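For chain A, the structure is supplied; the task is to place chain B on it using the hints.
Read top to bottom, the protein sequences are chains A and B.
Be aware that the first sequence starts at 1, since it is given in our numbering, and climbs by one per residue.
Be aware that the second sequence starts at 1001, since it is given in our numbering, and climbs by one per residue.
A portion of the hints provided could be inaccurate.
What the hints assert, rightly or not - Derived DEER-like restraints, expressed as beta-carbon distance ranges:
1. B:Met1283 x A:Glu93: 54 to 60 angstroms
2. A:Ser161 x B:Asp1139: 37 to 43 angstroms
3. B:His1133 x A:Asp335: 43 to 49 angstroms
4. B:Trp1234 x A:Ala133: 55 to 61 angstroms
5. B:Val1120 x A:Glu192: 40 to 46 angstroms
6. B:Leu1115 x A:Ser328: 38 to 44 angstroms
Think of the hints as simulated: they come from the structure by calculation, not from any bench.
Keep in mind it's a predicted model, so treat the numbers as computed, not measured.
Where a beta carbon is used, it is the ideal one built from N, C-alpha and C, also for glycine.
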Amino acid sequence: MAIDNMAGMLTRRGLLKRTGGLAALASTGLAGKLMAQEPISVAGIYTVPVEQQWVSRIHVAAEAAKAAGLISYTYSENTANTDYPRVMREYAESGAQLIIGEIFGVEQEAREVVLDYPDTAFLMGSSFMPDEAYPNLGVFDNYIQDASYLSGIIAGAMSESGNIGMVGGFPIPEVNRLMHAFMAGVKEIKPEATFQVSFIGSWFDPPKAKETAFAMIESGADMLYAERFGVSDAAQEKGVLAIGNVIDTQADYPETVVASALWDFGPTLAAALAKVSDGSFSAENYGIYSFMKEGGCSLAPLGTFEGKVPQEALDMVAAKEAAIKDGSFTVEINDEEPTSS
Amino acid sequence: MTEIIDILISASFWAAVLRIASPLIFATLGELICERAGVLNLGIEGIMVFGAFAGWMAVYAGFGLWPGVLVALLAGMAFGALHALLTVPFGLSQHVVGLGITMLATSSAYYAYRLALPEVTSPPRIDPFQPLHIPVLSDIPWLGQALFSQTALTWAAFGCAALVALVLYRTPLGLAVRAAGENPQAVEAQGLSVAAIRMGAVIVGSGLMAVGGAFLTMSAFSSFFFEMVNGRGWICIALVVFGAWKPGKALLGALLFAGFDALQIRLQQTPMGQLVPYQVFLMIPYVLSILALILMSRRAEVPAALMTPFNRGER
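Pulled out of the complex, with its shape left as it was, chain A reads as follows:
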């Protein structure tokens, strides 16, 4: 327990950690067996409000696990990156067994923190791969390229001009890989399709995303890939179609959003919880639990577009989905920055 502390001086932080360590020791030693069925204490730390589409998937999955009595769940939202390591420490000190969140903006600092709390499991969204040097840090990301690929097939079938607009926030791996998978799907059914790709340099500037989408529609796009809020609004206003990403927004844009690639964080969380409870949590890439064959992503129901998508495309989606699930087909993972074509 906390061997790295033995040589430490008597600082406030050291003292806190040592007393915390004692409490943890007592609980695992004496009550460990009895407490085995107790809910696992999970804490979430998010840099944005829980409404944000990406984070909302994590939050919803955690709330579901809490409702099922599997975990106790508390969270901090809108945590500034500069505050992030402090909040990680606070939850670790207060006895959280599993801390989930996103460290895209604090990759290095977060890794320093996890070393100080070897008995706490950290499951963090990260752009990097797991590293044995940080044995209690599992990483994940929304690897939903399978669903993005399928949504691309539908987009290709529904686009008449074959000119497709894509508005992204920043070209980071997560965004790039989904865009590439989407484009690959489009090309399955419309090999001659062209793409307009733009990044707006912000995650939350819907007016700007909307302006960018307007510009794409003016240059001939009749199908938009709505990676950001604001894009579907432009499509709706101009009467063109859109494909959603991560969450299903068709309820808000019933005449506009044809299909969406959905992310379900449930399988990722379930895998992490299983490993926390049997003590085998390690530096793993939990991103694979977002794959379609793990149930981590899916294509949203067609809803209002039921019967409007060509059967040929639906057949292809069904065939590819089956192939993805049985492992005979793998959607390529390409993290490079996409460009217009």
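Here is chain B on its own, set in the frame of chain A:
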């Protein structure tokens, strides 16, 4: 080169310029009023956030669009009153107070949002202002689409610019505001209260900033996100300098900045977009604005008493 010309002659480009400029016009005018009276208002970014929130929330609560604008205006004025109290009678550092107001207003918006909507999956949407169809004018080919397909709030922005210019240069009130920023002792000698004039200017200016923020949630978009103001407030502070503290030039500056922004969005779609990294395009409006700032501000007349607190009887 031909691509740029193609973009410049397209009607939709000019429509986009007016749309992008509108929130900047409101907020720039607000900042200009504050600074003409001698008070730098760095609360602008946060006040815009709060205005964006308050106006949208009011509409969501069922108040209707114009009452929503009024709510945003009043909310901005409330933060303006706090700013004015701290900087004018108390004479505190305008930089520190301004940044403090930005943080307070941003956090208050977040706090109020969470109180009002504790559990939602995505921020609710409202029915925003729609483009107005003006008989005859909107039907003119090209021009109708370029200039006359805007929402009422955009028209209000331009109306505001005219009104602010009129009041500043053609009324005794405007003269008093300008004098408070140039030579407060002279205002005092006239028997007017410098403190009252300055506080009034900051309060009214802050109200306009909030309306600028509200444009984002009530016209440009239909929902509220915390980071959606995204630095527009800081741009407006530069636009005031660019406009040499004159409403007409500031309006021009806002249009120019919006023009660069609308242009870069469209340039990303041209063949040039495949050769040049997208970050360069995103930089264009800022880089060109800095260049324009250098050219324009050489002969600018800074209000002589800007950022100088006034204490009665002190020499």
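Against the structure, the hints:
no.: 1; hint: B:Met1283 x A:Glu93: 54 to 60 angstroms; result: violated (43 angstroms)
no.: 2; hint: A:Ser161 x B:Asp1139: 37 to 43 angstroms; result: violated (27 angstroms)
no.: 3; hint: B:His1133 x A:Asp335: 43 to 49 angstroms; result: holds (46 angstroms)
no.: 4; hint: B:Trp1234 x A:Ala133: 55 to 61 angstroms; result: violated (40 angstroms)
no.: 5; hint: B:Val1120 x A:Glu192: 40 to 46 angstroms; result: holds (42 angstroms)
no.: 6; hint: B:Leu1115 x A:Ser328: 38 to 44 angstroms; result: violated (52 angstroms)
Going down the numbered hints, you'll see the structure goes against 1, 2, 4, 6, while the others check out.
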